[in-house]
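*Asks:* So the sequences go chain by chain: A and B.
Take 88 as the starting number for the first sequence in the working numbering and just add one per residue.
Take 1382 as the starting number for the second sequence in the working numbering and just add one per residue.
Among the clues, some could well be false.
[Claimed, not checked] With a straight-line Cα cutoff of 30 Å, these simulated DSS-like cross-link-like pairs (lysine-lysine) come out:
id: 1; chain 1: A; residue 1: 261; chain 2: B; residue 2: 1571
id: 2; chain 1: B; residue 1: 1856; chain 2: A; residue 2: 273
id: 3; chain 1: B; residue 1: 1428; chain 2: A; residue 2: 167
id: 4; chain 1: B; residue 1: 1729; chain 2: A; residue 2: 270
id: 5; chain 1: B; residue 1: 1432; chain 2: A; residue 2: 167
id: 6; chain 1: B; residue 1: 1856; chain 2: A; residue 2: 270
id: 7; chain 1: A; residue 1: 261; chain 2: A; residue 2: 213
id: 8; chain 1: B; residue 1: 1432; chain 2: A; residue 2: 273
id: 9; chain 1: A; residue 1: 261; chain 2: B; residue 2: 1428
id: 10; chain 1: B; residue 1: 1729; chain 2: A; residue 2: 273
id: 11; chain 1: A; residue 1: 270; chain 2: B; residue 2: 1571
id: 12; chain 1: B; residue 1: 1526; chain 2: A; residue 2: 261
id: 13; chain 1: A; residue 1: 261; chain 2: B; residue 2: 1432
id: 14; chain 1: B; residue 1: 1425; chain 2: A; residue 2: 261
id: 15; chain 1: A; residue 1: 269; chain 2: B; residue 2: 1856
Simulated from the structure, these hints should not be mistaken for lab results.
Given next are the chains, with one letter for each unit.
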Amino acid sequence: MSLMNRRDALKSMVLMMGGTMVGANVILTGCAPEYQVEGLDFTEKDIAYMDEIGEAIIPATDTPGAKAAGIGTFMAMMVKETYNKEQQETFIAGLNSLHKDFKAENDTDFMDASVEERTAFLNQLKQKAKADFGEEGNKELAYINMFRDLTVLGYFTSEIGATEALRYVETPGKYDPCLEYKKGDKAWAI
Amino acid sequence: MANQSYDAIVVGSGISGGWAAKELTEKGMKVLLLERGPMVEHVKDYKNATKAPWEIPHRGRRTIELIENHPVLRRDYVLNELNLDWWAHEEDSPYVEKKPFNWFRGYQVGGRSLLWGRQSYRWADEDFEANLKQGIAVDWPIRYKDLEPWYSYVEKFAGIAGNKDNLEILPDGEFMPPMPLNCVEEDVAKRVNSKFNGSRAMIHARVANITQPLPGRAGCQYRNKCSLGCPFGGYFSTQASTYPAALATGNLTLRPWSIVNKIVYDKDTQKATGVEVLDGETNETIVYDAKIVFLCASALNSTAILMRSATEIWPEGLGSSSGELGHNVMDHHFRLGANGTVEGYEDKYYFGRRPGGFYIPRYRNLKGEERDYVRGFGYQGAASRSGWSRSVAELDFGASMKAELSEPGPWSIGMTAFGEILPYHENTVKLSKTEKDKWGMYVLEMDAEIKDNEKKMRVDMMNDAAEMLEAAGVKNVTTYDNGYTFGQGIHEMGTARMGRDPKSSVLNGNNQVWDAKNVFVTDGAAMTSAAAQNPSLTYMAMTARAAAFAVDELKKGNL
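Just chain B, same shape as in the assembly:
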């Protein structure tokens, strides 16, 4: 029996895969969208989205059983009873940590688009030019102007709430009205902006939560329960956004439980002919044919698929001829900053639970400044009044404590820095030769760490936060550094980078694998550097751009 055949296969249904499926189907391609995990249906499968606090058994606290059964997930907030099903289970899908690495994955339809932080920032020219200017790694084969129209295109569809701030380092986009800063944030922002003469800017966070309705999406209801799935389509996810659009074309076939083992490569045509899938439920192996393949399986998994492909020609896998496949792993390092209390606003409060706050874009090492490290960092933060869970050690038990805790507490403000990690050739992932997952596939072995540049940057990341808060009159300012483990930013990037030369990069400027022109990688794997901004918006733009290119090339007979 002949293999089932499609125009295009998209591997992975998260942010990038959803976009690839939408763009390709809308351009008339018959698309097979493969997802390694189960179906998650919009609204219906958001089982905890509308539960009241008292309907959550342990009120969000972790049980001993949960902790004991999740030695990796328990390292961070991701382990909790509310959306446990959406974080890949480490027992089924283990990995090897040659150096400590937190890998938090979403193995279901929608991937981590259901779980993401939704902060959406464009990159600037500075970010695309930095490697070249500093002689680090390789030059990006694209510049801001190449992505600019695609940023606009994806922003309009995804829906990004933000303010036009006219900053060179953080280009404005096609925004819906921003989610307002509260009174404390507003005043602190004014003071920071004036104390630093505009060289540092505290602005509205730009978030993929919609403040105006979009087709099929009512918009943000200010419940701040995004990571449980939003029945109102309040934030961009595959389920709320790209999947319905792709489905509406009539050109989409979604196949959950489809773990892609490898890309099937034909050495005569030097192209992929399709993919080999292992059914996650039945363990059956199925081969699907297609004219083009989009790998959007999340950075490290897209690379793992390449490593398992065409090994009869390149032992290290498809795209390994450059010697860069699996190298240059990046993330954002973070978990440090400062917070403090704010006085004089005891007569102010707010209504609604806003899923965002403020942002301070990068300001270090710009305009001629040279710190003892290169690149920079940005901050995310918010101000709020504390609630009943605040500590009031001096209060006696009884009616007075009850009355006190029934009212809002003091205002506090805090911010966390997110810093750029450089692409180091020696930071790698590779396939283990011994360890396998539940489905018998060799797992990834992580060998990555931050180095001197990041460690020096962390000094500024912490101290600058305190400096800005103090300059704004915030009281009791304290700094913190909760430590960082590679991968913890859940912004895995690199390992199949774009470049200008097949000898030093895996992908070209259109996200095509140099060694197989009809294979495109448009998720975090493609990143040549990391910048300091949250990366997902750039994946969206890159994917839409590559999809348009791919269809164009196909029509021209070039693929």
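Isolated chain A, as found in the complex:
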């Protein structure tokens, strides 16, 4: 039985017995309740966690990273408003399994690790999914693609991303059909 299922079973049992939910986590871990994203009512802690996931995908370099662009808040909003129920469940389960797996592998809480460690872990997950299931990845790791998709979308359409990582020109005023381009020149934001 997986941890999730055990937790659910315990929750039901506690509820059936008229007990309180507080007890369940203590029974499971034997000490402090383990961090868990409970659903779509994201807490500040959840937003901070998603900020760091985004930052691991698009970190600050010579330009600010995804966290500075408010990626956690963006992800929360997009998951709530543009994801269907199944996608929402995949995303939430993904947040929780990333957190659990990171700790199991690194013996450190995701939030206490460095950006480099987090990035490396996400890449390792992605590589494993690809090796096991090909380019499409498997269903369990679909959440990695969700993290990537929302981070890339949210970052490059944010004011920071569009105006610092890219070149944003609201009103070009002309069309030049053939410009010289040299490697390193930034792309147009839109």
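Mind docking chain B on chain A? Use the hints.
*Replies:* The following block gives chain B in isolation, referenced to the frame of chain A:
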């Protein structure tokens, strides 16, 4: 109290209605312009036109709520958070699909002139003669030479950017300088033109975006946000073009929220005396009188109005004596073609967001060629460098991916075919006997489909695209067919066709309803065949021509 009276009533304020209002008012007529939806004021009501990407809540993606509330609009790109107000809501204005039909309408002042694709091509002799030559449907009562001066007239006012290409199948017009092809398009065009010895031509798209200023219009700023309304008057719309001109005459009264229920017909004079309007906000019924009526309510809605009119004489409506009212629905079928990647231009880029690209006019079934279908198709396409949204599966997350996506990606080029649909008598719209809209009016029931000719054409439409790209050295060429649903081209045509005989057509060669000479239909409803070109420029020319004729006839005492 006597009804308010005008010289002319124009029903609908989109591309055709705007032109009718301008032409009639400029000729001194007092005109009432009726629009079924709300006012959209130029500039002021373009609420998303100048927003930055980060000011768009979901960055253009659809919310679950948006999808659930729009079961019809969600079938295509039209459903998005940026211009939702300008697409008619299917809950208020439903329709019945006896066969699948995507009907995307614009119910506001300006209609779909705010939203259109702006590709503007003349028809050729070939297009007007095809029905006669092939014995299909009925002959057009007009030829290219009848519309030629009117094409010139409307092009000069609307402002069309294009290149003179000297092609028989796509006559040149009165053009402003074209929007240039970028370096990849330029080279691909050269190769296509030479590989096919000039029998196929890749040319500049001809668009109703102005590359030089016109009165009151600064011109295109290369923002490519046309469908949000252009504060610079960069493209032709009722708001930017025909409405201000009509208003300036002092002869125009615009009445939004005016849903025309029917044309009031007098059987003694065999003419219309005006229209009956239902106020969309108050549900009040008002009758306006006029000497002439121009129906420009968009193809299928103009026909619906005719169907609701003079039913005491013709149960199927005004213009139904021919048996053709509501028949011969057409559109352009599309959503297939090819794309590929282009190598060797990594040191080239462009500046500005051009609202156009290239065009390949029809080349099939011309000069004696006989495919296993009749008529033909054209292509619209463009080349560009991909941006941050490209997929780079091999790239690891982190600084390297960020750096990569901050730079432009590889060049790609793609094209989509737009094919002619034949006028089939059995492709129809009719009024439902049971279903009503929010205002209690019976809605339209759609019963149309593409047939063998279109399906065979689609094979060429897809494969020819790949053939041309490959001939031009484009790499990784892949074809696609995303499927087509009738109406999806948003080029509804037919249902009140022009013809030479009142027994087989609804309108004569001057767009007059045979059964009521002072009623003119000059939108897509009038089309006798569809050609492969985008139709709006032809509506403009047809409307201006009919307006001149109508005023002339009125002065002669013939109406």
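*Asks:* Against each hint, give a clear statement of whether it holds in the structure.
*Replies:* Hint-by-hint comparison with the structure:
1. A:261 <-> B:1571: It holds: about 24 Å lies between the C-alpha atoms, which stays within 30 Å.
2. B:1856 <-> A:273: 25 Å, holds
3. B:1428 <-> A:167: 25 Å, holds
4. B:1729 <-> A:270: Holds - the C-alpha atoms of residue 270 of chain A and residue 1729 of chain B are around 10 Å apart, at most 30 Å.
5. B:1432 <-> A:167: OK: residue 1432 of chain B and residue 167 of chain A at ~23 Å, within 30 Å.
6. B:1856 <-> A:270: 22 Å, holds
7. A:261 <-> A:213: Given pair residue 261 of chain A, residue 213 of chain A is violated - Cα atoms ~42 Å apart, limit 30 Å.
8. B:1432 <-> A:273: With Cα atoms ~22 Å apart, residue 1432 of chain B and residue 273 of chain A stay inside 30 Å; holds.
9. A:261 <-> B:1428: 23 Å, holds
10. B:1729 <-> A:273: 13 Å, holds
11. A:270 <-> B:1571: With Cα atoms ~27 Å apart, residue 270 of chain A and residue 1571 of chain B stay inside 30 Å; holds.
12. B:1526 <-> A:261: Violated: residue 1526 of chain B and residue 261 of chain A sit about 36 Å apart, past 30 Å.
13. A:261 <-> B:1432: Holds. Residue 261 of chain A to residue 1432 of chain B sits at ~19 Å (cutoff 30 Å).
14. B:1425 <-> A:261: 24 Å, holds
15. A:269 <-> B:1856: 22 Å, holds
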